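Chain order of the listed sequences is A and B.
Per our numbering, residue 1 is the first one in the first sequence, and the count goes up by one each step.
Per our numbering, residue 1 is the first one in the second sequence, and the count goes up by one each step.
I should point out that these hints are in silico values taken from the structure, not numbers from a laboratory.
One should not assume that every hint holds.
As the list claims (entries may be wrong) - Pulled a few chain B residues facing chain A out of the computed Cβ check, cut under 10 Å:
| hint | residue |
| --- | --- |
| 1 | 156 |
| 2 | 192 |
| 3 | 195 |
| 4 | 204 |
| 5 | 249 |
Said to hold, decoys possible - Computed far set for chain B versus chain A, every beta-carbon distance over 10 Å:
| hint | residue |
| --- | --- |
| 6 | 200 |
| 7 | 212 |
| 8 | 298 |
Just so we're clear, the structure is a prediction, and the values are computed from it rather than from any experiment.
Idealized CB from N, CA, C, for every residue including glycine.
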Amino acid sequence: MAKRIEVKDLDIYYDKFLAVQGVSMTIQPRSVTALIGPSGCGKSTFLRTLNRMHELVPGARVDGKVFMDDQDLYANGVDPVKVRSQIGMVFQRPNPFPTMSIYDNVAAGLKLNSKRLKRSELDDIVERSLRAANLWEEVKDRLPKPGSGLSGGQQQRLCIARAIAVQPDVLLMDEPCSALDPISTQAIEDLMLELKERYTIVIVTHNMQQAARVSDVTGFFNLRGVGQPGELVEIDETTKIFSTPSKKATEDYISGRFG
Amino acid sequence: MALSTERPSPRRVPQRPGDRIFSGFSTGAGVLILVALAGVAAFLLVEAWPSLTAPAEDISGGEGLVLYVWPLLFGTLISAVFALVIAAPLAVAIALFITYYAPRRLAQALGYLIDLLAAVPSIIYGLWGFQQLAPLTVDPTTWLSENLGFLPFFAGPPSATGRTMFVAIIVLAVMILPIITAVVREAFRQTPRLHEEASLALGATRWEMIRMAVLPFGRSSIVGASMLGLGRALGETMAVAIVLSVSGGVTFNLIGSGNPSTIAANIALQFPESTGLQVNTLIASGLVLFAITLVVNMAARAVINRRKEFSGAN
Chain A
1 MAKRIEVKDL DIYYDKFLAV QGVSMTIQPR SVTALIGPSG CGKSTFLRTL
51 NRMHELVPGA RVDGKVFMDD QDLYANGVDP VKVRSQIGMV FQRPNPFPTM
101 SIYDNVAAGL KLNSKRLKRS ELDDIVERSL RAANLWEEVK DRLPKPGSGL
151 SGGQQQRLCI ARAIAVQPDV LLMDEPCSAL DPISTQAIED LMLELKERYT
201 IVIVTHNMQQ AARVSDVTGF FNLRGVGQPG ELVEIDETTK IFSTPSKKAT
251 EDYISGRFG
Chain B
1 MALSTERPSP RRVPQRPGDR IFSGFSTGAG VLILVALAGV AAFLLVEAWP
51 SLTAPAEDIS GGEGLVLYVW PLLFGTLISA VFALVIAAPL AVAIALFITY
101 YAPRRLAQAL GYLIDLLAAV PSIIYGLWGF QQLAPLTVDP TTWLSENLGF
151 LPFFAGPPSA TGRTMFVAII VLAVMILPII TAVVREAFRQ TPRLHEEASL
201 ALGATRWEMI RMAVLPFGRS SIVGASMLGL GRALGETMAV AIVLSVSGGV
251 TFNLIGSGNP STIAANIALQ FPESTGLQVN TLIASGLVLF AITLVVNMAA
301 RAVINRRKEF SGAN
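One chain only, chain B, in its complex shape:
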């Protein structure tokens, strides 16, 4: 047989109906997600358009769209980011405790409890924050403003009702804690035994083993879970709407009575009484939230991909 440089003609592979149906089905599901996303984006853009083009004095507040959305965006970001800063390390610690330190029985019970917490509706957290937590924080925040008042976060004067950004952040942190913990715990559980033994056999203590084998292995899951939690905190509506007493603009003071609202809570509170251009303005703020969420998710993906070749997936 002579050697030939021609490409061999592609062989006809018999197609099975099951393969075709399944591939069609999964392709359809994939396309559906894109269609839904595009639909949401298109809706937001179209509905927000009048407010984007309207003269500044017609927008609620009378100072234009940017100045209307900015305090809301600020409130959204500061509440979500601080909630994540509190929740993420705690979640990793809890996940480590459950997977590596707790006795098996306790670990199991804790695991169930965490999953249960993740299923509690956000309005319940909101009520708890408003009824229970807010009054309880009045004394501590007074102490914080007296002793740590030099930090901008605790500048004071403290709110008398406790319905502050501080409480909203704590409620958000409690809300996103279970979901982050659940995802991270699952990742830690899948750390290959082989890698744990590799580090232990080198003479690693348990903590060193965790640092060497477990945390690096779970790194992308930690980032992913944090973004999931951040996404939830950014979009959380009811809990914030109930807890936060809104009256202020942009401030880093977390314990005062004048707090910026968040985009989602503001939409929920204002929407029923809005008409015409006000509705378009609210939807424009929703568009901003949508964009922020997308950016956060893409940033998370970039962080994970940056060290892809070290992920162990190859």
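Chain A extracted, bound-state conformation:
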């Protein structure tokens, strides 16, 4: 549980196009690391390399190293399916499986890789995951109903419950609140603060207040110019990034003097 991630000189490509260049960072366990930056700077792309989702795009590849504790995620013979089962992901738009009930959505990951669980064990895990996602009270009476009948914020918490049901080591969140109203956003942010007690959380966000509220460490991504690759400008403790950043570009961005 809650492993450290270490990235060394990571270059990320789409075919021949270098999208992100030279990222090195260490992500501490039991903390929230926020990645901020302008649109198109590659922060989501970078996030997707951490659980090897990036390579699902035809022609996409990476150069460099990503370690989770001592395990090299991109070493020869590492099964990306295994990596993804150890690293949970929550997406920008809530995406519960529309053809499954609330219960089956949470249990979806557990039924993979032909794991066999007893019904009572499954019930326990589903309840525990929904409780951890602060959703249990709202859905406990309608577990067999379709997940798509929930509100957007509830659906996103359902997706979080689905991701943590398999007890991942790391939880990646790609702008998890961008499609939600402020109240649902607050619920997810509170949830992040609870979850970081047990998980390593990396969140991509466009909302700087959100980064300031929930994260311990913030990384700022930027584009050097049009057509140039994105890069990690700096990464530091959130309080420091938002008060006395060491780079001019960071200061311009967080104070709104961008470009």
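Here the structure of chain A is known, so what remains is to put chain B in place on it, guided by the hints.
Just chain B, lined up with the frame of chain A:
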């Protein structure tokens, strides 16, 4: 302003001529379908009526309408259902291969090929089945009757010409395969990327992703496409008329020489030489086919609606 419980008077909304023309046009098109359907049903009923009321010995075969239509209905159902049983899983597998496994170039070529196959007229399939396929099945069916003869389907004795229900079923299956594949492939292609990624991010393999996201999403399309194919197989006339050597009654033996005909093929073969009550009898069998097709379609709709709230359309 005082609160009032009265209903507000409906506001006059200005109507645009374009809206009115289009709504009139689409309403008309909708009504036209109903009129055509009702017209066909009325025609069948009126023309079949004399045979429904005629004494049993006047009907072709001399044993009454039910006994005349029953073997035909049986032949129709057994050929269509077996064709569907062969074609539907194959179509789903082909569609999956095209959308998820084949390299892009190959997938494209295969897609075109499937669409092309769907456009081949049924008489061509019939000729192919009669000329090419039927003789080729003689040896295999002999083997089937010797080794799997305990199954009623392969009881034998095998036909010497190969013009059996077995061949008719294969021809029908080949005929409906492209249409089912085309519809199912289109549905699979529209699986939301979001759901595929949701399952992959949970650590699903590609097959698990397909089972979790793609197949459930395409489920109603699979049922719909199968019904489309079944409808085509039920009504297929020429291919069956050419292939099948008809001489028998109701039998599950698919490889023998005595096969029941199908309703559509029987109408096509008998109609030119029929007069009077015989024509009414044939039309009565057509009425049965019409009813069966309606029932099949309604059943398919019921199957799809049963899990409507899980369809993802809400």
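Now for the hints, and whether the structure bears them out:
Restraint check, residue 156 (chain B) versus chain A: the minimum CB separation of about 42 Å is more than 10 Å; hint violated. With a cut of 10 Å, the hint placing residue 192 (chain B) at the interface with chain A holds, because the nearest CB-to-CB distance is about 8 Å. Of the supplied interface hints, the one on residue 195 (chain B) holds, with its beta-carbon coming within about 6 Å of a beta-carbon of chain A, less than 10 Å. The beta carbon of residue 204 (chain B) comes within 5 Å of a beta carbon in chain A, closer than 10 Å, and the hint placing it at the interface holds.
For residue 249 (chain B), the suggested interface contact is broken, since its CB lies about 45 Å from the closest CB of chain A, more than 10 Å. At roughly 6 Å, the least C-beta separation between residue 200 (chain B) and chain A is not larger than 10 Å, which violates its mark as non-interface. Under the 10 Å C-beta cut-off, the non-interface status given to residue 212 (chain B) relative to chain A is violated; the minimum distance is some 6 Å. Non-interface status of residue 298 (chain B) relative to chain A is upheld: no Cβ of that chain comes within 10 Å, the nearest being about 23 Å off.
Taken one by one, the earlier hints fail for this structure at numbers 1, 5, 6, 7, listed in ascending order.
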